[in-house]
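There are 2 protein chains.
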Amino acid sequence: MELPPNEPFPGIQDPTLLIHRQIVEENLSRILDKTQAKGVRFRPHMKTHQHPEVGRWMQQLGIQHITVSSLDMAVEHARLGWKDITIALPCHPRQLRRLAELSKEVTLQVILDHTAMVDVLQEYRVDVGVWIELDTGSHRTGIPVQDVETIRDLIERIETSHHLTCLGFLWHDGHQYAHSSSAAIQAEWQRTIGAVDDLKKSLGMRASSLLCSAGDTPAASQLADLTDVDEIRAGNLVYYDLMQWQAGNCSLDQIGICLAAPVIGRYPDRGEIVVHGGAVHLSKEGLITTDGTTIFGLAVRLHDQGWTPYSTTSPVIKLSQEHGVIQLDINSLDKYPIGSLIGILPVHSCLTADAMRHQRSLVI
Amino acid sequence: MELPPNEPFPGIQDPTLLIHRQIVEENLSRILDKTQAKGVRFRPHMKTHQHPEVGRWMQQLGIQHITVSSLDMAVEHARLGWKDITIALPCHPRQLRRLAELSKEVTLQVILDHTAMVDVLQEYRVDVGVWIELDTGSHRTGIPVQDVETIRDLIERIETSHHLTCLGFLWHDGHQYAHSSSAAIQAEWQRTIGAVDDLKKSLGMRASSLLCSAGDTPAASQLADLTDVDEIRAGNLVYYDLMQWQAGNCSLDQIGICLAAPVIGRYPDRGEIVVHGGAVHLSKEGLITTDGTTIFGLAVRLHDQGWTPYSTTSPVIKLSQEHGVIQLDINSLDKYPIGSLIGILPVHSCLTADAMRHQRSLVI
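In order, the protein sequences belong to chains A and B.
Going letter by letter, the first sequence gives residues 4 to 367 in the working numbering.
Going letter by letter, the second sequence gives residues 4 to 367 in the working numbering.
Where hints are given, some of them may not hold.
From chain B, some residues computed to sit far from chain A (all C-beta separations above 12 Å) [unchecked claim]:
1) Q39
2) H326
3) L344
Restraint-style ranges between C-beta atoms, simulated for each label pair [said to hold, decoys possible]:
4) A:Q67 <-> B:V109: 17 to 27 Å
5) B:D201 <-> A:P13: 56 to 66 Å
6) A:N334 <-> B:A227: 21 to 31 Å
7) A:H178 <-> B:R24: 54 to 64 Å
8) A:D87 <-> B:D337: 55 to 65 Å
9) A:E79 <-> B:G251: 36 to 46 Å
10) B:R363 <-> A:I320: 50 to 60 Å
11) A:E126 <-> B:R59: 51 to 61 Å
12) A:T316 <-> B:K107: 36 to 46 Å
Partial list, derived from the structure: chain B residues whose beta carbon lies under 7 Å from chain A [claimed, not checked]:
13) S32
14) P55
15) G58
16) S72
17) D87
18) T118
19) A119
20) R143
21) I267
22) A282
23) E325
24) H361
Honestly, the hints are just simulated from the structure, not real lab data.
The C-beta atom is built at its ideal place from N, Cα and C for all residues, glycine as well.
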């Protein structure tokens, strides 16, 4: 059995994440036009890609400030040459030694939603900027934006510290990911901005110099004007994915990554092929489609320059640890002998990219 | 802010997978009593744990034959000293060079459900044992067990090859994972054994020497007698998880792993704590509980010797990339200051262990 002579990527032996440089750079240009070109800092969240080469493209585009979601990721990016890093996950005492070390190497920002860590950071002389995390509706971490007294208390505690600098307010409107209309996302954004303005008014003069940092891909993608805030930390919009596509925040051809998966089984009677490409590659994140079924990816045709969606829907319908089951019309199925590659657009690119890492990725 | 003086695992700084040696060894002893003690080979699936130390415990218990789910995992385990390895994922032509190399180092078995690869393996002189994969109802990979002609054809093709040895029939009753009663699992097992017996009868004399290899944790856990087959390849039963617990295949105290996650946020008003421990640690596999909600883990209290479940249910109710949100009664919540550790039993231990790897694990 020979592979077809024009089979793309003959060097790929195992599931491999393809990263499409042109799409990624276009996604970056679009957000830079809306942010840095308008005086808003774009501080991309590196958790989506975690890829040194994508980081270099960002540097070449003039990006100097980044967001990460763990101390480990901060240390890794400091090693890659980044000098200004926000860790957008609340820090805790078990990390103090490493936090203190890192704060000597780079300009470091942490987020807090309570006073307990202030004394600890002070005691260990950790020189960091502190963002006060607000809960603007997602109910994950953060002080409820209406809780003026707690926020005022935290600001005062930070301001009396010799090592901490209060930077301002940071939030992640995670609940934006549930919206699927531009109008709803715009309304939610305005609601949050209004609530933060009210907070600042209640806090009085001291709040006027505090900055605002927002972080979600839906608003960053849908809104034409982001100048209500000082900083945008979105990360997913670098790659996008089927979730963002379904929510209307990107087009299918703006999705910048695709899993190249070798075909390991052909089942024409079932209208299915099975690939080596499972939950440990794509993640087990599912997407509920309009007809109520859950899919784990969408198959696309690969070619040397990238990929092309099929005219008929070709979903990944089942996913176990290493296997993916893809529904495919019979004409397409005939084109995939054992060992050929099919592409899969991921449901949630952050989790797929974390699973694949740069070690199992290929920039095209 | 100091951590409580009796806080367990003071050395842990980041999410860490705890592996409880005593529980794992008891799980292993139980399956060895049912298999090797009765003349059935136990060829554990290493994909669940992928941990060199767990592998050594297996070797100390006399286990010499293993199953893996990828060629990469086979190469890794050959390096760890394993000499007899079945790759329970259909092979394909892109892997030929590495397959050929590995087949010179260890006794290697592959699985096939089509004739196309036979000529390729023959041409490249890959000396391997071949299991014919049967689809006994899970509709993932495998030849339908009723399709006698296709199976006969494949056996003949393998037998005429100079390099391949036909070992017998292998299947994975993936549909067993949907059952939650011992009787249903027993009935399904009997149905499969009956179908394979029918197949052997239809094939005639040539089939009498062929072996049978079965692979699911539900049957391996629920059935007292596994002597219908020659080999059991279950892997999950080494660790078990909430999925297997919900299905009645293990007790809660037979679950051998637990994610130790640092508390990063406390929200008494919501009855919730937030931990550093998210989808990149636990995986995004959800479990639908009897009341219809989806959970991503169950919180337990950690102590130096292991963990203890709470008397009230304490589920992980939301999971993002690095955050986990845990519902906790107010009395328990009070015991978790920022930076303390809480344990999380995983929904699907195979995916959690793959995410954490041995690099982020700790044997206790």
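Here's how the hints hold up against the structure:
No beta-carbon of chain A comes within 12 Å of the beta-carbon of Q39 (chain B); the shortest separation is about 25 Å. In this structure H326 (chain B) is not separated from chain A by more than 12 Å, as the shortest Cβ-Cβ distance comes to only about 6 Å. Not every C-beta of chain A lies more than 12 Å from that of L344 (chain B), the closest at about 8 Å, which undercuts listing it as non-interface. Separation of Q67 (chain A) from V109 (chain B) is about 50 Å and departs from the stated range, judged on CB atoms against 17 to 27 Å.
Range check, D201 (chain B) to P13 (chain A): about 42 Å between beta-carbon atoms, so the 56 to 66 Å window is missed. Range check, N334 (chain A) to A227 (chain B): Cβ separation about 50 Å, and the 21 to 31 Å hint is violated. Look at H178 (chain A) against R24 (chain B): about 43 Å separates their beta carbons, and that is not inside 54 to 64 Å. Between D87 (chain A) and D337 (chain B) the beta carbon distance is about 38 Å. The supplied range of 55 to 65 Å is therefore violated.
Roughly 43 Å separates the CB atoms of E79 (chain A) and G251 (chain B), a value that falls within the hinted 36 to 46 Å. In this structure the supplied range 50 to 60 Å is violated for R363 (chain B) paired with I320 (chain A), their Cβ-Cβ distance being about 31 Å. At about 43 Å, the beta-carbon gap between E126 (chain A) and R59 (chain B) misses the expected band of 51 to 61 Å. The given range of 36 to 46 Å is respected by T316 (chain A) and K107 (chain B), whose C-beta atoms sit roughly 44 Å from each other.
The criterion of a C-beta within 7 Å of any C-beta in chain A is not met by S32 (chain B), whose closest approach is roughly 25 Å, and the hint is violated. Here the hint on P55 (chain B) is broken, as its CB sits about 18 Å from the closest CB of chain A, past 7 Å. Checking G58 (chain B) against chain A: minimum C-beta separation of about 18 Å lies over 7 Å; hint violated. Annotation: interface hint on S72 (chain B) holds; nearest CB of chain A at approximately 5 Å, less than 7 Å.
Against a cut-off of 7 Å between C-beta atoms, the interface hint on D87 (chain B) is violated, since the closest Cβ of chain A lies about 20 Å away. A least Cβ separation of about 9 Å between T118 (chain B) and chain A goes past the 7 Å threshold, and the interface hint is therefore violated. For A119 (chain B), the interface hint holds, since its Cβ comes within 7 Å of a Cβ in chain A; the closest pair sits about 4 Å apart. Checking R143 (chain B) against chain A: minimum C-beta separation of about 6 Å stays under 7 Å; hint holds.
Checking I267 (chain B) against chain A by beta carbon gives a least distance of about 4 Å; that is within 7 Å, so the hint holds. Because the closest C-beta pair between A282 (chain B) and chain A is about 6 Å apart, less than 7 Å, the hint holds. Checking E325 (chain B) against chain A by beta carbon gives a least distance of about 5 Å; that is within 7 Å, so the hint holds. For the restraint placing H361 (chain B) at the interface with chain A, the shortest Cβ-Cβ distance is roughly 15 Å, beyond the 7 Å limit, so the hint is violated.
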